[in-house]
Amino acid sequence: MYFDPVLMIALPLFAAFLIPLLGRVSKEIPKYVPVVMIGFNLYESIMMLPHSMVKPIIVIIAAWKPPLGINLTIGALGNVLALIISLVGFVVAIYNVRFVQKEPTEKYHMLYMLMVAGATGMVLTGDLFNLFVFLEITSISSYALTAFIRDRNGAEAAFKYLLIGSLSSTFVLLGIALIYGTTGTLNMADIAEKIQHVDSKITIVALILLVTGFGVESEMFPLNGWAPDAYSQAPTAIGAAFGGIVVKAGVYALARLIYTIFNFQGVFFFILIMGVITLLIAEMSAIRQKQLKRMLAFSSIGQMGLVLIALGLATVRGVEGGLFQMFNHAMIKPLLFLSAGYLVYYSGSKDISDLDGMGRKKPLLSFFFAFGAFAIMGLPPLSGFWSKFIIISETIRGGFVVVAALALFGSVIEAVYYLRVVGRLYFKQPNESEKTKYVHASAILAMSVLALVVLFAGLFPDMVMSYLKPAATELVDKTAYIKAVLTAGL
Amino acid sequence: MIYYVAAFSLILIGAYAVLVKKNMIKIVLGLSLIDSGVNILLVALGYINGKTAPIFSNPSLKAEGMVDPVPQALVLTAIVIGVAVTALALTIVIRLHDHHKTLDISKIRELKW
Amino acid sequence: MRKAIAVIFLGIIGYYLLATFFNIPFGIARVLDGVGFKYLAMGVPDTGAANVVTSIVVNFRGFDTLGEVTVLFLAATGMGALLHHREPMKRSRQNASIIVKAGARILFPLIIILGAYVFVHGHLTPGGGFQGGAIIASGFLLMFMSYRSYHVNHVVISRVESLAGSTFVIIGLFGLVYGHSFLANVLPLGTVNTLFSAGVIPLIYIAVGFKVGSELTGLLDTMLKTVK
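Protein chains in written order, with my numbering: chain A, 1 to 490; chain B, 1 to 113; chain C, 1 to 228.
No lab work stands behind these hints, which were simulated from the structure alone.
Taking lysine to aspartate or glutamate and the EDC-like style, the derived pairs with C-alpha atoms no more than 16 Å apart in a straight line are:
1) B:101 - A:151
2) A:290 - A:354
3) A:478 - A:193
4) A:55 - A:477
5) C:225 - B:98
6) B:21 - B:104
7) A:290 - A:356
8) A:428 - A:356
9) A:102 - A:151
10) A:194 - C:33
11) A:65 - C:46
12) C:38 - B:64
13) A:428 - A:354
14) A:428 - A:351
15) A:102 - A:28
This one's a predicted model, so the numbers in the text were calculated from it and none came from an experiment.
Please model the entire structure based on the sequences and the hints provided.
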């Protein structure tokens, strides 16, 4: 039994509007509003899953059928991503309850909730311009949250992010203008139907514009200059949420564009190549980082490179692997970020070299970090192994042996720099201990949930894959998606 | 066609300011110039020669005599988003000026660009 | 050097984009089966609003407008968060001359009324909630500029903002409960071209007008407070 899916977007917005009023009643309420709202989204996306696996759920808004009004199209893919986003969002919201001390906390919770709602909107909507609006909601809240600490570097990172982000939104708008000018519609399924009759000179430019625009949020090279700074300067929880939420929505938009809306075979090879370049450059940069969070940020870009490779393969199995990798990344990266945030806090320095011996001083946190590191490197029983295995074997099957070799090489580099940090945590003598505050229970809870999900997905990959298969099929074969939207009745 | 040229001139002038200017206020101005250019382009796409605004304010007006209303609706949204981004950008510039006492972006390079 | 590279780079990109856009002929009805003409045909009989742009903004694509209102809200929130407890800069804002001050006093109420008129008549005439809200904020801007000590009460502003925003969502939820889909019209359409027509459209636009007016005023006030 699920409620109308439009509530997944409408209720968080409603709650965000009301937070200033609720905050006057009690200072405690705003803390819990995101937990409740995103918890509701989690419930909804779990409950919708059995239905959307069979055929896309079409939600009509304002009583107008698809090409006329805006509609939400919740296919298997959108549902899976909404589930990932709300799960990560929920866990980080729990972490936020105790972690956020910096005033104005009320505004922090509003911005955070709207960021999650915007990302949810991006993966659920079936309308191209609506996708742009939700992209803006997500990115504007991200700009503000990046600078939330209000120190020198936070503002600098936010300005950089804002500059790249607003240029990208210009590209998206120009692309939308071209598409509307030639097809006369904004519904994604309708565009996919009509764009076949449009001059390919125009559509290829529209595709380039839109891929450039959404490439920024999905951390595609060379548009990812914002990521390392934003990840490392934003509050810890937001850094965690970027990887699990914002980037996932960006990749979804990219996948929707290249698979559903446009019909160019050449673009897949382009995405594949971009994926390889993104992966290699990010891993090379990650190994040279001295700061823990910057290293994590570059590793996150590298993971997205792997996802792009998988999307570029354009086979069902390959896309499945890519989605599994997205799932893993969305669960593991917040785990790493949250534990790294506390480790950095206790060592009192952002540098990796000051983490010596934390394994003895903070056993639980170090365990979580090491667990996440092993999972993301792809050690066999953990979930990272399966996704990497699928992607690389599928790359070889597709005939791109060089790409597979480069991807393996990237994974080796990744293993090196993660093991270096884990080694420091456990096999170095600790410095004299200063702060010995305990870790908040809510943070432990958040990290345990993520770790359990990772463990579960690693032990039972087939179960996760059974949900990812319809999602991948929906992307590779777009006819079912288009038919469901255009034949939707009231 | 001249409208397309005008719109692109605005976009390119704005992009030039973003790429070349050192003063952050000018960069933000460049961003909003780009926005205006895109908005003009969108409205120009919806225009049809000799037709009027899509408002049925008196019975003699017919739907056949009206321009495409969708781009106008989209532009309304795009303008508001532009305003929001500009406001936030200026806020961040104020913050940067507080910390660095300068508006010159080439002097604010603590993070690697 | 840097300038030359930028000019060449932009020139190439601009040339190709412009060449692409020239493939879309200007001023000709190109896509006859597009949604635009359907809106023109259906707008008045099906939504009751004489202004088709309004019926698209508030009804057909009303979900975008909710997002748009949220974007503005986000900008105001983000600004409040980033300028929280900031020490004002030490620079004096000058009082305007007596002529400006006297003129502003007379104009201020008129501007507010004009703004209200624009958003109340959004479904009949050009304009609507965003435009009306912007006009109201410009009235406040005039007052900020002419009277150094003039300031608005932030508590009131944030309450108006919250109430107006939640009204929008509540109207939408009424549509969900009584009309089967979010933002669906649940009120009678009335006679076209009269003030009380078009169902929920004027109600939503009034809420938007209040919200945009208070938000932009709040933005201006926050910005100006930093230059005291």
